[in-house]
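Chemist: Chains as they are written, first to last, in UniProt numbering: chain A, 1 to 295; chain B, 1 to 295; chain C, 1 to 295; chain D, 1 to 295; chain E, 1 to 295; chain F, 1 to 295.
Since the hints were made in silico from the structure, they are not lab data.
Please note that the accuracy of each hint is not assured.
Pairs count within a copy or across copies, as identical chains cannot be separated in the list.
[Claimed, not checked] Below, simulated SDA-like cross-link-like pairs (lysine to any residue); rule was C-alpha separation at most 25 Å, straight line: (1) LYS268 with ILE49; (2) LYS102 with TYR135; (3) LYS133 with ILE185; (4) LYS227 with LEU91; (5) LYS223 with VAL35; (6) LYS276 with ALA89; (7) LYS268 with GLN205; (8) LYS268 with SER36; (9) LYS223 with PRO275; (10) LYS122 with GLN81; (11) LYS223 with GLU267; (12) LYS102 with ILE113; (13) LYS276 with ARG134; (14) LYS142 with VAL86; (15) LYS195 with ARG123; (16) LYS114 with VAL104; (17) LYS268 with SER34; (18) LYS28 with GLY66; (19) LYS142 with SER234; (20) LYS24 with PHE147; (21) LYS223 with ASP266.
Next come the chains, spelled out residue by residue.
Number of protein chains: 6
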Amino acid sequence: MNMNKDKRLKLGLPKGSLQEATLKLFRKAGYYVSVSSRSYYPVFDDEEIHSMLIRAQEMARYVEDGHLDCGLTGKDWILEQNADVVEVAELIYGKGGFSPVKWVIAVPMDSKIKRVEDLEGKRIATELVGFTKRYLKSKGVKAEVDFSWGATEVKPPHLADAIVELTETGASLRANNLRIVETIIESTTRFIANKKAWQDKWKRQKMKNIAMLLQGALTAEAKVGLKMNVPEKSFKRVLNLLSAMHSPTVSPLSDTGWYAVEVITDEKMVRDLIPKLKSIGASGIVEYPLNKVIP
Amino acid sequence: MNMNKDKRLKLGLPKGSLQEATLKLFRKAGYYVSVSSRSYYPVFDDEEIHSMLIRAQEMARYVEDGHLDCGLTGKDWILEQNADVVEVAELIYGKGGFSPVKWVIAVPMDSKIKRVEDLEGKRIATELVGFTKRYLKSKGVKAEVDFSWGATEVKPPHLADAIVELTETGASLRANNLRIVETIIESTTRFIANKKAWQDKWKRQKMKNIAMLLQGALTAEAKVGLKMNVPEKSFKRVLNLLSAMHSPTVSPLSDTGWYAVEVITDEKMVRDLIPKLKSIGASGIVEYPLNKVIP
Amino acid sequence: MNMNKDKRLKLGLPKGSLQEATLKLFRKAGYYVSVSSRSYYPVFDDEEIHSMLIRAQEMARYVEDGHLDCGLTGKDWILEQNADVVEVAELIYGKGGFSPVKWVIAVPMDSKIKRVEDLEGKRIATELVGFTKRYLKSKGVKAEVDFSWGATEVKPPHLADAIVELTETGASLRANNLRIVETIIESTTRFIANKKAWQDKWKRQKMKNIAMLLQGALTAEAKVGLKMNVPEKSFKRVLNLLSAMHSPTVSPLSDTGWYAVEVITDEKMVRDLIPKLKSIGASGIVEYPLNKVIP
Amino acid sequence: MNMNKDKRLKLGLPKGSLQEATLKLFRKAGYYVSVSSRSYYPVFDDEEIHSMLIRAQEMARYVEDGHLDCGLTGKDWILEQNADVVEVAELIYGKGGFSPVKWVIAVPMDSKIKRVEDLEGKRIATELVGFTKRYLKSKGVKAEVDFSWGATEVKPPHLADAIVELTETGASLRANNLRIVETIIESTTRFIANKKAWQDKWKRQKMKNIAMLLQGALTAEAKVGLKMNVPEKSFKRVLNLLSAMHSPTVSPLSDTGWYAVEVITDEKMVRDLIPKLKSIGASGIVEYPLNKVIP
Amino acid sequence: MNMNKDKRLKLGLPKGSLQEATLKLFRKAGYYVSVSSRSYYPVFDDEEIHSMLIRAQEMARYVEDGHLDCGLTGKDWILEQNADVVEVAELIYGKGGFSPVKWVIAVPMDSKIKRVEDLEGKRIATELVGFTKRYLKSKGVKAEVDFSWGATEVKPPHLADAIVELTETGASLRANNLRIVETIIESTTRFIANKKAWQDKWKRQKMKNIAMLLQGALTAEAKVGLKMNVPEKSFKRVLNLLSAMHSPTVSPLSDTGWYAVEVITDEKMVRDLIPKLKSIGASGIVEYPLNKVIP
Amino acid sequence: MNMNKDKRLKLGLPKGSLQEATLKLFRKAGYYVSVSSRSYYPVFDDEEIHSMLIRAQEMARYVEDGHLDCGLTGKDWILEQNADVVEVAELIYGKGGFSPVKWVIAVPMDSKIKRVEDLEGKRIATELVGFTKRYLKSKGVKAEVDFSWGATEVKPPHLADAIVELTETGASLRANNLRIVETIIESTTRFIANKKAWQDKWKRQKMKNIAMLLQGALTAEAKVGLKMNVPEKSFKRVLNLLSAMHSPTVSPLSDTGWYAVEVITDEKMVRDLIPKLKSIGASGIVEYPLNKVIP
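Here chain A stands alone, though its shape is the one from the complex (with noise of 0.2 Å):
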């Protein structure tokens, strides 16, 4: 990879459990990149981007000191690291879905600890150990925090007091007996971008362009397609329905009296949209699905 030359987007992918889900974000944003099994220098098909596998955990890092020009990552490990960064855009998918991943000080089922102000003078097992340690000094909390390997909600009672970890249906956490204190970080993924690289007018241009491609992708995940046929009676009813919140495309049809009436909407309000659009006498109503959504 040769990281020297103009017209050059040094783009680091989170590697591991965020891989795919990104991978597959960045073909349906309309870039072809392929992964050979044991390279971590991902090919685009788009020659100004030179792309590196990093793990989530170090992309901030490497970000921060410009050895990447920019970066998907979590809130949570730009926290950890405590990185100046530029964030260009929230792009809110994960390994399991698209909802935000939670952080959170849990203890044993029948500890005492109740409030972050009981942490004091206790032992806390976390993998995010640097922001851990922030939060507890701005709360005025003094408290041993040790880096966790891993298996972290196993250490309570026996190997710690309390541990700060991922959490995202907490089932890991009620299997091991614990109870959530407190949520310290909610957090989603970022495209980040390192602060000299955000002045590069180029490099603005084309991490922009990424961002709104992106997020076009995301947005058409949550996004469908509406068409339907409004005969002339009911066509009044049919707008002032759609106009609440769409901006309908309205065609009259050759067929007397009739128009055909387009919106794009939330999937999840057509379940709600279609009953009701029938029954003020829509008709011929057809969902398709998007790619891209771009306000």
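With the hints as your guide, set chains B, C, D, E and F onto chain A.
Modeler: Same frame as chain A, but now just chains B, C, D, E and F:
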């Protein structure tokens, strides 16, 4: 699952072979349903729906007695339970595809049994004991009908003279050297409702809406959208061809003398339609996929 | 399979590495093809098509001698068989993707063989014996060409001086320390027809239709639909941008001063097109997937 | 399967969860049994044995009425069928290991049902309808017992007040928030015989031999062989230690003053035995695996 | 792989369907062989052995011409290649088990071909072109024999009149509605040597040793050890029973009047032997597994 | 897990790559250990052992500070933690086999770094930060050592000048074009004890017994038993051959003039031993597997 509050629809989902296909269908209809691995209570993103996984065999019983407001199960098991329920909709889908399943009377290839009447005095093994007994009675045939816990095909000739068994391709029957005497049910999936729940205005509307969306999603599996450009001189012939079966949407294009024509059509017809359209002057023909089609 | 009746097209499908991709392509083209696990006769939902699975290596032979009316196979095996057939269409798809495969002459990294001429008097192992012999003859080179049953890459230097072998990424060659001397064929999939069958009016039309649908499905893999709203003031610039390569469909919207513009475009161009469209005033840009595109 | 000739033993093998473990056990006992994927007639390399796969639930019925001479099934299903058969041997093995399974009465954690007596007037769902009814009757309790097609654990509290269900670790009950009221059967696998077949001298001997070999193979799972060298001075103590539970085989070695001692012992005891033997002077201790142990 | 030094044995291992079984056999014989995924040169922990993976079809050719000193392949491919090699040992094992494979002439069920003679003037498809031609010639039959690239069973009746094909259970032939006319080879695996290498004293001894160990490992698959205690009064009868087929090892036990008796016997006989031994007074019968048996 | 009572040994088992191999080893040593999928507390069938799954990286820390009495982990992580613990036994086994793993300093193939000294002033990425720093200090080298969260091999040359990384076959290093400068640790698994626990008489004996059984099981992996019959005339030569390395057990057979000879030997030697034994007159040679060998 609190099943007592107002505006709650208690919905039974079939556990087992239909489960995955059913959840996929609800997903296409617009519902996010999360099923955790050990729970029998799938959670809908619609708080008014309270669902439960129930074996298809028992569904009709629990809908009939009101433990559930509605549910999805096969016509076969409704008949087996002899249940008095409302059939809201027929939904032609199944584990393996989109065709009905059949229950057949089968006997060994070299059996003397040729017609239902020949079963007089014989032993029949089946999982569908209730319906089989009623069916034979209606034909004036007396026979012993035993419940079979499975592996029914292996029973003739040693353990039974005939069986009543589910078949899709007949492959399993052939492999066991069995011959079909008669088909006694062709069964498809039904959306059924409790009679009292059906009287409740709110519940009925809710069930009708769900049925409409499920139907819309199923219909879309077999449909596609077709767009094309048609020059003035071909316009009439194209319209004649399409109007026979569809309601094309026509918009004159800004380019003088061209029309944009769009139809929703059966996917199966497209392979014949496209060469014809092409041959009579249509161009720029584009086929696109659909999520839902509601007439 | 009755192959004698009127209006029956005998079609060979390639068994093996191309099989799955081929069946998927026919599915996209509009045919349901069911393949039971032990049968070599896939059943089309079009009764006029009688298909058979045949190894790609032998396809051209059976199409040439009329056992089949038509079939799909690689250009490489048509050349190997030296078969006299009609090439109805080139279909650029394969097991792993959409690029041609190559047959190369390869030798050990430190071999003295640098050019085809250096093969004089050497032993060459290959699965492509016929074509290799003719190729060398055309170059005036005399060498021993042995049929290789597989594991061809392992043969140099102990069991052969050079090989002629299929390669996609070159990874297998590198792993065996081999160097490419020359590419002798670049091969893609072809839809071929028997010469006599091609003279039959009904068969030719049928084959042309199938080819059109297969091409339409393949083309759609690389295309998307794009819709957008364009205000009066941007209209000209947007149209200029799009008209260079496409035929946009334009409909004036009911909202005064806006136009709905729609184009079919290469999916690869979208990532450049969208930022440009956005920057010159288009909004509400929506990309949607396509099943077939027939120009 | 010709089941009529002389010197043929008709043997039922349990289809389903016990199937694999059963076939493995017969393999260890010395029989090669080949099961082709679609056939229900496993073929033994002993022509006198004619076997058939039958669901464990139905086995006792078919053994009782003489369709089979003998078979393997659980004690639970023998009781459910209330079958009058000979129990030739108890074979303690199962799908997941070597301990008995239990059928328990279970109720919701917060149910008022504490004892069997509290079931008076309640609805109970179970797959084990026959035995449950007889059990309750023997306790003087009247309750409704419904056949459950599966997913029994999900039924309380909405669809049943209590269940009678199979449990191994109790994990599934806990996951459904159920509490055990009472265990009503502890069941192990039995080798059962038809009463008449048992009177037949040849068949009885054949069945006894099979039972001996199956038992021998099962016993060997929990046993190992142990060899060691013991010097004169330790001989008495070693012999005392071993003789308490085993019958050691002793051979004086050619080396003056040493003995070779060998015992068959429980594999579970070895971890205590070896350190003791070592400490009292045994050396060259070797443990080896066994295939069969017949006392 | 340096194949030129002294005291190096060049050994060919069959790549493909026999590969895994062959490596397992060498492992049992006492060799650790490591095969890295992309290399064709398995590494033995015996530096004198240099091995190479070669397709079974080509093995005999390379052994005959001295590129390899020895190798393992099927009798069928030795005959196909018509190779002049030394057969050091027959090793009865294969991909699926321990029985020979067969090459048969097969024709459609309703073909008029009943005997080899009926093939006169017919077209035959096979992978075994060379041997088939010689076989037919020896029978005085003239027929066209075409090389088949696979899927040979599908060819009759449309693409061939008969085939010569490998069969194990005949299932594939039946599935294609083919009937066996005659078996032309029964083939097992052979350990073959180059004639010149066989003259080399060191190489011959090395090959003989390898063959002995492979045979010893194969033999052990079908054998077990049996130990028992026999009281004085039973001693003669037990010895008579065992001595008929084996050479029992007898040691008098310290316990007065008992003997320890041990034999190596065929695993298949044990199920008959144990009940007999038990019935004539042996006790404490123990069966144990073996790794190698060399007579 | 109650960790406070008397006669309880708190044992740490390595979670992750060593976990499966460790549990298998304990199984062979004679312990049944059940691990339920979500729990970190494997249950031993020995009530005196209380075990916990801990990452190998952290094991030494928790054994050193007395949270655990003992545990299994790699020498590498004991050194990384710089932990003051007792090494009870070295156990040569690992995820993939039975050889030590290595940590090496690696640099890009074309780097100017040739010796450890050349690392002066460079950046090194590694998971083994503590040991690497101490190692460099001992060599008088100053360098920046950064913690790497994984994907360490990808870092040179862009993100690091050198790495310290675990390697088994070197394949991953080669794939990333890295060259080994030096091996800094060869590491095997160790059974370690807390210093205070080691002073406790009961605990020390318990740990010694466990170590003896684990060692016995590991030793048995590489050993086999060998039995043979030797005639009078060969007796001396056979005994000379065997006695050099083993202590054969000899029993005169009842058959006049024959001896039964038995040895435990390295499995790797058997392939040389058997041909020799055979050539000097031994016969009926049988090799059998072992579970444990304690000298």
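Chemist: If you check each hint against the structure, which ones fail?
Modeler: 13, 14, 18, 19, 20
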